[in-house]
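Listed here are the chains, written in short residue letters.
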Amino acid sequence: AQSVTQLGSHVSVSEGALVLLRCNYSSSVPPYLFWYVQYPNQGLQLLLKYTTGATLVKGINGFEAEFKKSETSFHLTKPSAHMSDAAEYFCAVSGSFQKLVFGTGTRLLVSP
Amino acid sequence: ETGVTQTPRHLVMGMTNKKSLKCEQHLGHNAMYWYKQSAKKPLELMFVYNFKEQTENNSVPSRFSPECPNSSHLFLHLHTLQPEDSALYLCASSQDVGGTEAFFGQGTRLTVV
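The listed protein sequences correspond, in order, to chains C and R.
Mapping the first sequence onto our numbering, position 24 (from 1) lands on 24, and the numbers just tick up by one.
Mapping the second sequence onto our numbering, position 60 (from 1) lands on 60, and the numbers just tick up by one.
None of these hints come from the bench; they were simulated from the model.
Hints may contain errors.
[As the list claims (entries may be wrong)] Label pairs and their calculated CB-CB ranges: (1) R:113 - C:5: 35 to 41 Å; (2) C:26 - R:58: 15 to 21 Å; (3) R:84 - C:56: 40 to 46 Å.
[Claimed, not checked] Non-contacting residues of chain C with respect to chain R, defined by C-beta distances greater than 10 Å in every case (computed): (4) 54; (5) 66; (6) 70; (7) 71; (8) 85; (9) 112.
[Unchecked claim] If we take Cβ atoms under 10 Å as the criterion, some of the chain C residues that face chain R in the derived model are: (10) 9; (11) 43; (12) 51; (13) 58; (14) 90; (15) 92; (16) 95; (17) 100; (18) 104.
Where is the CB? At the ideal position from N, CA and C, for every residue including glycine.
Using the sequences provided together with the hints, build the complete structure.
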């Protein structure tokens, strides 16, 4: 069985500040990990993914995430927040023949 | 067209109406999904189809009836809904079930009055 825990339903940052969204996972098979972003009344858009290989993965809009097996984590970061980053972010896990399992989401609020 | 397309984008229906949501994917994927997203609730997986066959139904009430005529099209037929069924309904597809990312449509915002 797989599961995802996202710590913090809301995260607030100032424009220009570091963004850190936390994701911990549980998986009985080697995990594939994903971050998605959702803007209001839109579908989910893939930000980045980890399958195998390099543990630091870069995505769109300046986001990146690091897979840490020892910590079962896949936190999402961005060095400098922009107003347009305000959205809901979902972490998800899957594995070979395992469907995607989503976390409950974290709403990122960016203030001027 | 590319990606996953959902129609309509918005739907208002009465509790006695029958309506259908449509999803079409142009990605050559084998798996398709319906999700329900309600305010302040986690994303709920409703149905999974793999090669047109339903492989998962997560205890969804029978007033929601999915149909997958081929790997590119997925429908959700709605009948006698309740106000608590008002939500954003998202369709997604993936190359296979498991191991790969899912691609989502824009969703249908459903309001039941």
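Here's how the hints hold up against the structure:
1. R:113 - C:5: 35 to 41 Å: Distance hint for residue 113 of chain R, residue 5 of chain C holds at roughly 36 Å.
2. C:26 - R:58: 15 to 21 Å: holds (19 Å)
3. R:84 - C:56: 40 to 46 Å: Because 43 Å falls inside the window, the suggested range holds.
4. 54: holds (17 Å)
5. 66: Residue 66 of chain C clear of chain R: closest Cβ-Cβ about 18 Å, beyond 10 Å.
6. 70: Its Cβ never comes within 10 Å of chain R, the nearest being 23 Å, so this holds.
7. 71: Given a closest Cβ separation of 23 Å, the condition holds.
8. 85: holds (19 Å)
9. 112: Fine: 26 Å to the nearest Cβ keeps residue 112 of chain C off the interface.
10. 9: Given a least distance of 9 Å, the restraint on residue 9 of chain C holds.
11. 43: OK, holds: residue 43 of chain C within 10 Å of chain R, min 4 Å.
12. 51: holds (8 Å)
13. 58: violated (15 Å)
14. 90: holds (7 Å)
15. 92: Holds: closest Cβ of chain R sits about 8 Å from residue 92 of chain C, inside 10 Å.
16. 95: holds (6 Å)
17. 100: Because about 6 Å separates residue 100 of chain C from the closest Cβ in chain R, which is inside the 10 Å limit, the hint holds.
18. 104: holds (5 Å)
The structure shown violates just one earlier hint, number 13.
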